[in-house]
Amino acid sequence: MNTKNRGEKGDILLEMKDIVIDGYSDDRWHEIIKGVDLTLRRGEVMGLIGESGAGKSTLGLASMGFARPGCRITSGSIMFDGIDLMKASEAEKRKLRGSRIAYVAQSAAASFNPSHKLIEQAVEATVRHGITPEQEAKSDAKKLFADLQLPNPDNIGDRYPHQVSGGQLQRVMTAMAMSSRPDLIIFDEPTTALDVTTQVEVLASMRQIVEQYHTAAIYITHDLAVVAQMADVIKVLRYGETVENADTRTMLSNPEKEYTQSLWSVRSIEKDEEESKDIILKIENVDAGYGGGIKVLDKVSIDVPRGHTVAVVGESGSGKSTAARVITGLLPPSKGRVLFNGQPLPLALKDRGIEQLKKIQMIYQSADTAMNPRHTVRDVIGRPLEFYLGLKGKALDKRLLELLELIELDETFVDRLPAEMSGGQKQRVCIARALAAEPELIICDEVTSALDQIVQKGILSLLLRLQKELGITYIFITHDIATVKAISDQIVVMFQGGVVEQGMKSEILSPPFPDYTKLLLSSVPEMDPDWLTGLLKERSEEQTSV
Amino acid sequence: MHPVIATVLQRLALGILTLFVVSLIIFSSIEFLPGDFGEAILGQAALPETVAAFRKELGLDLPMYQRYLDWVGNVMTGDLGNSFSGRGSSGGADRSRPVIDLIAPRLANTLFLASMAAIISVPLALFLGITAALYRGSIYDRLVNALTLTTISFPEFFVAYILILIFSSFLKFFPSLANIDPTTDFWVRVHLTALPAITLMLVIIAHMMRMTRAAIINLMASPYIEMADLKGVSKSQIIIHHALPNAWAPIVNVIAFNLAYLVVGVVVVEVVFVYPGVGQLMVDAVTTRDVPVVQACAMIFALTYILLNLFADIISIITNPRLLHPR
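Residue numbers (our numbering), protein chains in the order written: chain A, 1 to 546; chain B, 1001 to 1327.
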C-alpha cells in the first residue's frame, strides 16, 4: 500500500523548541511544561520517562499539536516535517492526526468505542482521511493483526472491544495506529496496565512492527526497563523540565543526573531472607469461588511464618486477591480451613470476634478508593483506634500522633482530606490505619503498583522498617518481581487458582524452575537494552527444539 | 436462547405482573372513593330501598373480591363492561353504552394528538440536543437551553392561552377550539389540533433535548472520544458516530417518559382546547362515579406507561453491545 518514501532515515521529522504548556487547576493557569526541546529523527524511537505529573503525556500529545481540555500550548514551536503545528489550522492538524501521526493510549479498554467492531475502529482514520479504500484498508488491517501475532487475525476484527483481552486490545490499537503507515506514533504508557507476561508479548510485537515500517515513535513510560527495550534515545522529564537526554545505552550505563539514577532505585532495596518455623497463619486445602460458579481457588495451601514476609505472585486472574479475601473472611471458602496461631478461624467474617478481626488487617492497591474522600486523616486512623482499642479523647489523639510519626508524616496531616495528599502519603495513611488495630498480620494487596518508582521505594522501606520494629507479618500480593526481590523472605507462585510452588526466596528465584515460574520470572523486563532481543531468541529456540 | 430475547421476555413478564398489580390498586382505590353511583344518580333524597335496588341491579351489592374477579375476567376477554351513565332510575329504559364504544373514539383522538406532537418534537429535540452538544458553550447552545427552559417552566395552560392569543386571536392562523368529531377530514383535523399539538411540543421538547445534550456531553470526556479526536475524526462525526451510539439508553428513557405523558397527562390541554380526548372522559367519569369507565381509562394509562417503558428497555438493551454481543 503506502510505499512512498517521505524522506530518508535520519532526517529530522519532529522538532519542538521551548515548549510551554499551561494547565488549569485551582482557578488559575500554571505551567506544566516549562520550555522543553525535543528533536526526533525519522525511524527513531525516543523514550520519554519520568514520574507521573512530570508532563510526559502532555508533551507527547503536544507533538500532535493537541492539548487536552484544561491545557493550552502557550509558546514554543512545533515543526512536523516542515509543517508548523503552532500555526496550522484545526482542519490542517486534523488531517495529520490519524494519517501521519498516530496515538496509542494507555488504557486500551477505555480507548475503544464499545459500540463498534474492532476492525471498523482500526481502519476508521485511514478510510476517513481517504488514504485507502475501506476494503483494502481492512485486508491490510488483517495483515497487521497477523504481524502483531493476534490470534485468529482474519476474524478477530469482527469482535467488539469487550470480547477480547486487554493485551489483545493493546495490539489492535497498535494496528490501528499503524493502519495509515504514519511517520510518527506516540505510545502513551501502552503496557502499564498489562501483566508482565502479556507485556513482553505486546512489547515484542510493537517493536517489531515499528522496525518493520521504519516508523518514528515517542514511547512514554515510567518504567525504565521497558523503555530500555524500545528506545534508541531516552529523555528524562521532571516537573515539566528536561533532566537529561542521551542514547539508551549511555543513559543506562552512565546516567549523569542523580535523579535519573534514583528512577530505578527501587531495584536497589535488598532484603536478606530469614527462615522461620514459627507459623502464624496456615491455610489448608482451600477451595473458593464467587456466586457458586467456577472455582477461583483450587486446593490452595499456604504457610506464613511469623514476623516475616510471604510474597504471593502471579498474573491477574491467578487467584492472589481471592486468597486474601479468604484469609480476611470476606469470602468464606467452600472447602478447607484457615488456622491463625494454631487455632482455626471462623470462615466467615461475621462469625469472627473483635480480637480475631483486629489481628489481621489489610492494605489495598488504590489508596484513593480505600479511603472515604470526606474523612480526614483523624477520622481514617481514629476509627480503628476507637473500634478495636476503645480509645477516646486525649488518649486517641496521642496514639494518632504516634502512628503518624511511625509512618513519617507530621501532625499537620491530622486534618487533611485524602484529596489534599499525594499518592504516597495516602498509602502511608492506609498503612497507619492498618497499624492502628495493632495487628499481627497485614495483607498488602498490590500496595505499590499504582505508585512511581521513587514513591514505591519509600513505601517499601517503611514497611520493612515497621516489620523490624514491630515484628509484623506481611502477606505481600504483587505481580512485580522487583518488589518481591526487595521485601520477601518466602515466595508463593500462583497460577490459575492453584499454588505452583512455595519456598524461600533464594530457592524460588534460582533454577530449576517449573515452567510457569520460569515464564513469569523471565518476563520481567531488565535494564539491559538487549534483554528483550535475547529473551525472544531464547524462547523461539526453545520452541523449535521442542 | 439469545440473552437479549431472554431479557425482553423477562421484562414482558414483569410488565404483565405490573399491570396486574395496577389493576388491584385501581380497583381498590375506586372502592375507597367516598359516595357511590347509586346515590349520585338518584340524589340524596332517594329512599334507601330504591338505592339498594339500584345497586343490586348494577351488581354493586356483591362482595368486593367477586366484583374484582368478574371485572378482571371480563377485561381479559376484551369486555370492558357497560358504562353506568345512561341508565335510568329503576324501571326506565336501559340506554347505557358499552365502555369500549365510549372510549374508542376518544382514545383515537388522544393518540392522534399525541402522534402529531411526537412526530415533530422527538426528531426536533434530538436535533437540538445534538447540535447544542456540538456547539457547547456557544450562543446557539445557550439560546436553545434558555428557550426550552422557558417553555417548560410555564404551566401548560398558560402556554396554551398565549398560543391562542397569538395564533388564534391576532394572527388567525389556527382555531382556538379543537372540537373534532369522527367525520372530520384528516387535514382539517391537523389544522384544528395544531395549537394543542404545539403546546404539547413546547412542554416536552425541553426535557428530551436537555437529556440528549447531557448524555452526549457526559460521554465527550471518555478516552475513546479523545482517541477519535486524535484519529482526526471531525467534531460532528465524533458526536454522531462515537458518542450518540453509546448515549441512546438515557435518551430513549426520557423519550418514553414524555411520550407516555402525551397520552396520559394532557387533560389540562384537552380542557383548554375543548378537545374530545380520553383525559377529559376520565375526569367526567370520576365526577359522575362512572366506575367502569374510570377503571378502563386507568388501565389504558397504565398499559401505555408499561408498553413505552418496555420499548425503552428494549432499545437500551439492543444498543448495549455487551448485552447484544456477549463474550
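Hint data in this document are derived by calculation from the structure and do not stem from the laboratory.
Backbone N, C-alpha and C define an ideal beta-carbon position, used for all residues, glycine too.
Hints may contain errors.
To be verified - Chain B regions said to be covered by chain A (calculated; three or more residues, Cβ under 8 Å): (1) 1016-1023; (2) 1125-1133; (3) 1231-1239; (4) 1242-1252.
Hints and how they fare:
no.	hint	verdict
1	1016-1023	violated (count 0)
2	1125-1133	violated (count 0)
3	1231-1239	holds (count 5)
4	1242-1252	holds (count 3)
The structure is inconsistent with the numbered hints 1, 2, although it conforms to all the rest.
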